[in-house]
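Peer 1: Chain by chain, the residues run as shown.
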Amino acid sequence: MIESHLPATIALIFVLFSVLIPAFGIWRSELSQPLAVLGSGLAAAFSIIGFIQYLSDGALRYYFGGWEPPVGIEFVYDGLSGFFIMVINTVAFFVFIHSHHTAKQEFPGKEMPYYALGILMLLGFNGMVLTGDLFNLYVFLEIASLSGYALIAIGDRQAPYAAFRYLIIGTAGGTLYLLGVGYLYTVTGTLNIIDMSAMLPMLYESNAVFAALILMIVGIGVKAALFPMHGWLPDSYTYTSSSSAALIAPIGTKVAAYILFRIMLWLFGIELTDAMAPVTLFVGILAAIGILYGSVMAIAQNELKRMLAYSSVSQIGYIIMGLSLANPWGFAGALLHVLNHAVMKAALFMISGQLRLREGHSDISRFDDSYRKKYPWTMAAFTVAAISMIGLPPLAGFFSKWYLVLGTIDNSNWIFLAVILISSLLNAVYFFRILEKVYMMNPAKGQKSVSDGDRNEAPASMMIPTLILSGSLIVIGFANAVIVGILLGIAPF
Amino acid sequence: MNLEFVPLLAILVSLAAVLPIMLSDRKPNLREFWTILAALIKFGLVLTLLPGAIQGNSVELHLVDLAPGLPLALKADPLGVFFAVIASGLWIFTSFYSIGYVRGAGEHKQTRYFASFAVCLSATIGIAFSANLITFILFYEMLTVATYPLVIHNEKEEAINAGRKYLAFTLTAGLLLVSASALVYHYTGTLDFTPGGLFSGVEIPDTEMLIIFILFLAAVGVKAGIMPIHGWLPAAMAAPTPVSALLHAVAVVKSGVFAVLRVVGYVFGTDVMGSYGLNDILIVLAGATIILASLIAFNQDNLKRRLAYSTVGHLSYIVLGVALITPIGITGGIMHIAAHATMKITLFFCAGAIYVNLHRTEISQLDGIARVMPWTMGAFVIGSMGLAGIPPINGFFSKWNLALGALEGDMILPVIILVVSGLLNVGYLFPIIYRAYFKKGEGLEKYGEASPLMVVPIVITAALSILFGLFPNLFFNFYDLAVDISSSLFINQVP
Amino acid sequence: MADFFMGHYAYWFTIILLCIGLYGILFKKNLIKKTIGLAILQISVVLFFVSVASKSGDVTVPVRDQANFPVEIAANYLNPLPHTLMLTAIVVGVATLGVAFTLLIAIYNRYNTLDEQELIEQFDD
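Protein chains in written order, with the numbering used here: chain A, 1 to 493; chain F, 494 to 988; chain Y, 989 to 1113.
One or more hints might be untrue.
Below, in silico cross-link-like pairs of lysine-lysine (BS3-like), each with a Cα-Cα straight-line distance of 25 Å or less [said to hold, decoys possible]:
#1 K649/F with K373/A
#2 K374/A with K658/F
#3 K649/F with K602/F
#4 K933/F with K437/A
#5 K658/F with K437/A
Hints in this document: simulated from the structure, not taken from any laboratory.
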């Protein structure tokens, strides 16, 4: 019986824990972290079980209250949603383990709200991915966003303003999406994605449908930080606390990317998306500009978290570019990059958290080779993640680029190919700049030289998740043929 | 004995040595023991593959799939074994020499140095045994990354800039290689190296073929030092001398020319090269590089930089040989891989010995040093003569084949280039010898010969240059191997 | 032409509201005014949904009870779904405003201003 309830179970775990954490947290604040770890761990386990189930039996659909769609609301665990929630929940699990010390240091006494909000945000993300109903998706989007705004507001002095800006632009995006849903509802009379996707082809070349598509892409594009709607992202990720950044950065924009996948490839289908205007091409061009813009801006940054934030703008561009290619290789490359980038960015933001915990800053211009001596493992993990970001084999990052390159070639899209290559070089610039400092730059005069006795590695509860994530980049690299084999099976082409 | 896993073991042995090397940070003797041990085991493993290679057999091993239909696969074919024997053989000498050098010069961070060295060699052997382009890319990039710490080893401003330049060139090359491979995969559906090429039976428009070829050329040309994309090579002279020796004589640049061979012979195939006129591009570029590099070498006062430009020129000999696409020409090119390796490693070793011993790096400072370092300079003479193509050094033998190959293809220009370049080689190398032997030096009284750890490898590599010049088939049947390899590349050709 | 505008006056009304909201978000320097713009934007979409489903005259909601409330003329019933959806959307909007004002209080406590220009000047210091 449990199998058929599985999609709902995953969401209910988060509902349960978002109540349990405040309940126990008020009583004993130190209980909130283990509870969050337990909750996300359970959800991750169920997601993985669900994916195995999906591979053998096909998609799982759960009807709430027994009401069959299109009347009722359903949760759909198919290949795409399963893949995404597996990535989200697993990464969140590691981030929650990691955040124990950073949370205690950065906002002492407020751990409970952090974990409660984190779990609530995950509820939103999971709901967005699993739901089969467009309005329901909007509600989950707002749940995730509102808890996200609150999480971002925890942090530096400037954090509330960054969060406020994100709130304004994010809510506007959400509202535009809702308007798009309204258009679609008026012409089809349904909100169920599967139901609607069967009806939309009959409305070929309808202005309302086209307007709805554009409104939804723009609205979700804000959440996905698709260029030029990325303005909120760098400030938010920079000024928020390390714990929040590590939680939001790897998965927040991915979920928005998921909605774009769902809308453009499933709901509308690639033919209908391009029926009135070359929408996919246009989205791809925006993604390409975003890739280059993000990389160039990342080079100009002197603060590790800010650099990583701009790098996120660039990396989300890869995912959306892969989507816009609308061929199996591009699709596989984009989804593999969802996984890779989630793991890499989580590891990198966790490392920046470790540095902040120990050094009190993550200012690149102050890095020197004493860091290598003080934090040998942290820096080793950083090196692995950085090389993967640059895209050198056999690390995971190389392979998503390889499939994207194959995808651009299949479409004979030489400009996108060039963009991917140039951006890889720019990635190399901003990561090797740091590696060069960490491994070679002698400490500035006046600072005492560091000997091996000064090793000051972050605690094991932080080091182990970081090492697992960066180590898994090697594993993903070697196992990518299996993953891509599955992903190609999901592709709707 | 089952040979299947030998290529894999040969790659892994030096990679596995990294851990003990790192752990023996505090005990230099033990650390160097691991390096030497790994070098010897690696050479032994590669040698076990040699008999099979001489009979024309290949050993194949499929590991995991790196991408659907694209396995991580190793294949020890004759060409791969040929290259692996040279690289792993010379690693032994370089290891001994490195020990003498880094201790003599009091280099810092020796552990990182030896560890990176070991990874470099793994990558080089991996390149030699790659069965397809994706495996090749993997090891090619691994070599790039592993070489970086060596290039920037002394961590001075100059070295760091050289490191940046090196990365800029090689990472760009890596990306071009990725896109070129993706294009090949798009058109042919396979990336396996096949003698005679992948494009048989595939119709591709001229311009697209040209684009793929130029992408490949730029990708492998960086490491092969083809002008105008050779810029990193002289800059990378900031590295310690054994690094220059191994990198420029054996590992990196030879991986580059090896890649040219793989691309020309096993991806495009000799008939495609000819029918699309791609080899003409290669001949022009290689010819121009040979002449220009030799001319630039004249202007260099720094000994290592002069040798670096000499390397650029000589790499293009090999490229030229390959570009001739005649059996004898390719034989000559392959032979020159071995010949240049032994000769250039000798010269770099000499330069390093002079630096460690006398702390002199400029040619104008070398007056009269032959008197204090007779063995070193004797070896230097042999290496120089070889590069100039004077018999009986092995450089003559490979050059002879190159010239014959050009004539076989009814081409005169390459022969003229070879002759002119031989004269230019004499022109820029012999003044060094003249200074060392016939000018009177100053302030040399208190110096003697360099440490035996350095001199012995120098003498051995110099002796090998002569031995292989006199008996090309000595020990390893290199000549027969080269002939077999080059003839195997013409199987698609209608006689 | 006039029919086109007058026939869809409700839509035009929501579009004008939408534009006012966007204008407030993009061009107002005071953060409270931005928030007001956001509220107007959300309300415009709510009104759009409501106007789509509204019917004038003697109409009622459908009830799933054929015995007591038999359906006679389908045109006499309106679709209640958009209205219920908008109840949720309004709740979401209220929650958003709550979070927005919380953030504004936090900003005001730290910087003593809610003017964007003055805030940015303070960041630069």
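Peer 1: For each hint, tell me whether it holds in the structure or not.
Peer 2: Checked hints:
The hinted pair formed by K649/F and K373/A meets the criterion: a straight-line CA distance of about 19 Å does not exceed 25 Å. Using a Cα cut-off of 25 Å, the hinted pair K374/A and K658/F is violated, with the two alpha carbons roughly 29 Å apart. For the suggested pair K649/F and K602/F, the alpha carbons sit about 13 Å apart, so the restraint of at most 25 Å is met. Taken as a hint, the K933/F and K437/A pair is broken in the structure, with Cα atoms around 46 Å apart against an allowance of 25 Å.
At most 25 Å may separate the alpha-carbon atoms for a hinted pair to count; K658/F and K437/A meet this at roughly 16 Å.
Of the numbered hints listed earlier, those contradicted by the structure are 2, 4.
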